[in-house]
Amino acid sequence: MFDEQIDGIFEDLADDLAELRVVLEPLQALVPEGFFQLCDDHGRICSLPENFNIEPEVRSRLLADARRAHTLISFERDGQRFYGYRLPGSETILLFQLPQLTDDLLVDSFTRDGFVNTIQLALLNRINQETVIENRQLQRHIKGLGLQHQKLIDENYEQYQRIQEKEKEYARKLESEIARQTRELREANIRLEEASRMKGEFLANMSHELRTPMNAIIGFAGLLAESSLDEEQADFVETIRKSSASLLVLINDILDLAKIEAGKLDLEEIPFDLHGLLKSVTDMFRSQALDKNNKVMFVQDQKLPAKFMGDENRLRQVLINLTGNAMKFTKNGTVDVLADFVKQEGDRFAIRFAVSDSGIGIPPDRQAAIFEKFTQADGSTTRKYGGTGLGLSISCQLVELMHGEVQLESAEGKGSTFFFVISLPKAVDEAPSEAPKIVTAESGDEVKRKLRVLVVEDNLVNQKLATLLVKRQGCEVDVAGDGFQALEKLRQFQFDLILMDVQMPKMDGHEATRKIREIEATSARIKYAGLAGIDPVEIVGLTAHARKEDEQKCYDSGMNGFLTKPIERDKLNEILQKRSH
Amino acid sequence: MPSAKELVNKFNDMKTLPHVAIRLTKMISSESTTMQDFEEVIKLDPILVVRLLKLVNSPFFGLANKVDSIAKAVVFIGMKNLRNLVAVEAIRDLYNNKSGEQGFSRQILWMHSATVAILAQMIGQRIFALDDEDIFLAGIIHDIGLIVEDQLVSEQLRVACDMFYQDDKSLVECENEVIGTNHSKIGGLLCREWKLSEEVLDAVKSHSGSTKKFAIPSIPSILHIAEYLACKMKYGPLPDYQIPLQSYLVPHVKDMMPEYKILVKALPGEMKKAKELYGPIEKTV
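Chains as they are written, first to last, in this note's numbering: chain P, 1 to 581; chain U, 1 to 285.
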């Protein structure tokens, strides 16, 4: 059916006989001596050789016979033998003559069947040809697919390259973006550093401004306490003293912290006695321990040498702070200050300092938080125990500067141990030198000779305080408001000691001191009653800045001593006594 | 009377073609498009994603492992096959959204387009060993101009069709007379707009006959033979539509007649295969 449809599609184009010829050609190839003619039901006739013809009458007869029969038929006319055969499965009839064959093909079934087979072979050839074409088309298709496949591979490779290129471009973009952000961060960092430096400077300046009034408060409260007061008044004064003392501690803490954070805190490296240090720390807490029924003691590992190089004052600050904390949170218990040997490398000793208490302990979830600034284990602690939480933070940072780390072991209700390991070099054994003396001068020691003291101080309150303090020691006091006034006084009077404030308007303490030393070095001294003596006049600097470099600056300008404000009475007495001997 | 350009502009304004199809077509002709870009766009059309994965996982590709990512699928089928998939999808929708009427029918047109596309592809593959996806594309879109006309000047189109049946004129001539332009011209303009290859453009412009001769093989010549055969097989764009084979192609088809016969014989099988790859070809309304 479909075949017919297909033929219909091409009938406009079809060479009418081509199809019939397709059948005849293989047949002729098999039987070259035969004459063939193919007649289809549309009446088309194809002959091979082309000039082969059969009389219409004979053909009609043959066609009618062949249509009826199911096999090869033959027909003889005028001594010529014609054969007819209906192609199986169609209405097409094959007619042929075999002139070289004299016998009838049909005489025996063997030759007949042989020839029928030959015809069918030729027909098979036609079907075979279709298969060949189909096969050829499929091969072309495969070839096309092969090309296509290659194209696909090429296309994907192109894609791959394209993606690679894009990736590279992203990488480039990313790099430049990172570079840009780095640059911005660096600039921001510079700005921040600048801001931080400004803040540091501001705090350093504040330090002076804060200490000056504190100086006055503490000093006058002290003086007031010594005057005759009734019980209530004495209690008030005591409260003022305690409050101002703790305020001073707080101010010093804040300033320390600011200094550390500004990177302006330098550690000293001077010899110190470890035993003395530990003792002084525990001694400080004796009375407090008594009040709270705590046992406080220190243990020093025998394997540790006696003396080390380091910043004793800062180390003490740390230990005092840790011990103070331990004491604060412990009642009816123990507080131990320990120094243990860890290891030795050459001259350096790794020492584990620990402050251990049997107090309330710190719950695990709060342990990290207490190292934060301004934090205690919980808000209620602040209300109960007071404190700012600054001390531990400062201690941590100081220990960090010493290349150690403050760590904590604690169990709630069982106590806490704060410890750190730092490495210090052993002090070279030199003459028992400046082992720091804890000031022991007892207050109230009378100064033997009556000294004349010049107080140079611009701040009227401080002037008054210093005058009072010095007078208390039985000295005569004169005052000058700045460097110029001081020189004026020196022109007229003699003094045994000058207490010289460093920060003053017009001519500051350093400049005044340099000027005095200058005059002393020349003949001009004769004009100054106060400077005409053989010995240079003793000048002690007074400054709110407690830094090492501030002290050095005083010596550099020609001063003989140095006192920090607020003036500690004991230290002032020491100086006055030394001078009077 | 509107010019072809005006009709195309109006057609674009109506946004009849899915956005995804237009974007993908333009992306494929761009040099710098990557698989990721394709993935981004294809994702927008869930039907397309399903078809794509179905296609790449069909026995036709015979892949050992199931492909489940869009980018991977595009790698396997290639960008142009992807575009063809999109085109089939878009055009099938387009051809289905109006119920059939006497004379001109979008469903008949769709069957015609699909048949021509498959025949053209088979001619490429089986006669010329060419497996260019552009051949299929040219087949599927070659009568898009008729859709544009049906959308915008449907009355005139119907008059032109009537004229085609009554007078002894080609459809293009009737269109020119009634509408002022013809579907081949409009199709050509759209091809240009979608940045399809010059060969596809020429094929669309000349599919129903032209005075130009094209190389054998080339997409225009293949498309014309396919158009001719499809009409002969009663799969014309209109019922009882016939066109003469252009004379320069007659000797070729005559020479290769047994080949073409076998090719036509294989068409039903190929149609079935295409149905598997691209989804149902018959009307799905």
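None of these hints come from the bench; they were simulated from the model. Here the structure is a predicted model, which means the values were calculated and not measured. Watch out, some of these pointers could steer you wrong.
Label-pair ranges, simulated between beta-carbon atoms [unchecked claim]: (1) 266/U / 117/P: 25 to 33 Å; (2) 129/P / 276/U: 24 to 32 Å; (3) 72/U / 117/P: 32 to 40 Å; (4) 168/U / 75/P: 22 to 30 Å.
Short, incomplete list of chain U residues facing chain P, as computed with Cβ under 8 Å [said to hold, decoys possible]: (5) 32; (6) 64; (7) 260.
Distance condition first, Cα-Cα at most 30 Å in a straight line; then the derived BS3-like pairs of lysine-lysine [said to hold, decoys possible]: (8) 80/U / 151/P; (9) 273/U / 66/U; (10) 166/P / 66/U; (11) 273/U / 166/P; (12) 10/U / 151/P; (13) 143/P / 5/U; (14) 151/P / 169/U; (15) 295/P / 264/P; (16) 72/U / 151/P; (17) 471/P / 426/P; (18) 54/U / 254/U; (19) 199/P / 259/P; (20) 72/U / 168/P; (21) 143/P / 43/U; (22) 66/U / 80/U; (23) 275/U / 143/P; (24) 527/P / 264/P; (25) 80/U / 10/U; (26) 143/P / 273/U; (27) 26/U / 151/P; (28) 5/U / 261/U; (29) 578/P / 450/P; (30) 265/U / 143/P; (31) 166/P / 5/U; (32) 10/U / 143/P; (33) 10/U / 173/P; (34) 254/U / 143/P; (35) 506/P / 279/P.
Don't be surprised by glycine CBs; every beta carbon is placed ideally from N, CA and C.
Hints and how they fare:
1. 266/U / 117/P: 25 to 33 Å: holds, 31 Å
2. 129/P / 276/U: 24 to 32 Å: holds, 31 Å
3. 72/U / 117/P: 32 to 40 Å: At 58 Å between Cβs, range violated.
4. 168/U / 75/P: 22 to 30 Å: violated, 50 Å
5. 32: Since the shortest Cβ distance to chain P is 7 Å, the answer is holds.
6. 64: violated, 16 Å
7. 260: holds, 7 Å
8. 80/U / 151/P: holds, 11 Å
9. 273/U / 66/U: holds, 20 Å
10. 166/P / 66/U: Satisfied, since the Cα-Cα distance of roughly 28 Å is no more than 30 Å.
11. 273/U / 166/P: violated, 38 Å
12. 10/U / 151/P: This hinted pair is violated, its Cα atoms lying about 37 Å apart.
13. 143/P / 5/U: violated, 41 Å
14. 151/P / 169/U: Answer violated: residue 151/P to residue 169/U is near 43 Å, above 30 Å.
15. 295/P / 264/P: Violated - the C-alpha atoms of residue 264/P and residue 295/P are around 38 Å apart, more than 30 Å.
16. 72/U / 151/P: It holds: about 16 Å lies between the C-alpha atoms, which stays within 30 Å.
17. 471/P / 426/P: violated, 45 Å
18. 54/U / 254/U: It is violated: about 39 Å lies between the C-alpha atoms, which goes past 30 Å.
19. 199/P / 259/P: OK: residue 199/P and residue 259/P at ~10 Å, within 30 Å.
20. 72/U / 168/P: holds, 22 Å
21. 143/P / 43/U: violated, 34 Å
22. 66/U / 80/U: Distance of about 21 Å is within 30 Å: holds.
23. 275/U / 143/P: holds, 24 Å
24. 527/P / 264/P: violated, 44 Å
25. 80/U / 10/U: It holds: about 27 Å lies between the C-alpha atoms, which stays within 30 Å.
26. 143/P / 273/U: Cα-Cα ~19 Å, so holds.
27. 26/U / 151/P: holds, 20 Å
28. 5/U / 261/U: Status violated; Cα separation ~40 Å.
29. 578/P / 450/P: Holds, at about 13 Å.
30. 265/U / 143/P: Holds. Residue 265/U to residue 143/P sits at ~21 Å (cutoff 30 Å).
31. 166/P / 5/U: violated, 38 Å
32. 10/U / 143/P: Roughly 43 Å between the alpha carbons, so the hint for residue 10/U and residue 143/P is violated.
33. 10/U / 173/P: Since the Cα atoms of residue 10/U and residue 173/P sit roughly 42 Å apart, the hinted pair is violated (cutoff 30 Å).
34. 254/U / 143/P: Given pair residue 254/U, residue 143/P holds - Cα atoms ~24 Å apart, limit 30 Å.
35. 506/P / 279/P: violated, 46 Å
This entry does not satisfy hints 3, 4, 6, 11, 12, 13, 14, 15, 17, 18, 21, 24, 28, 31, 32, 33, 35, going by the numbered hints stated previously.
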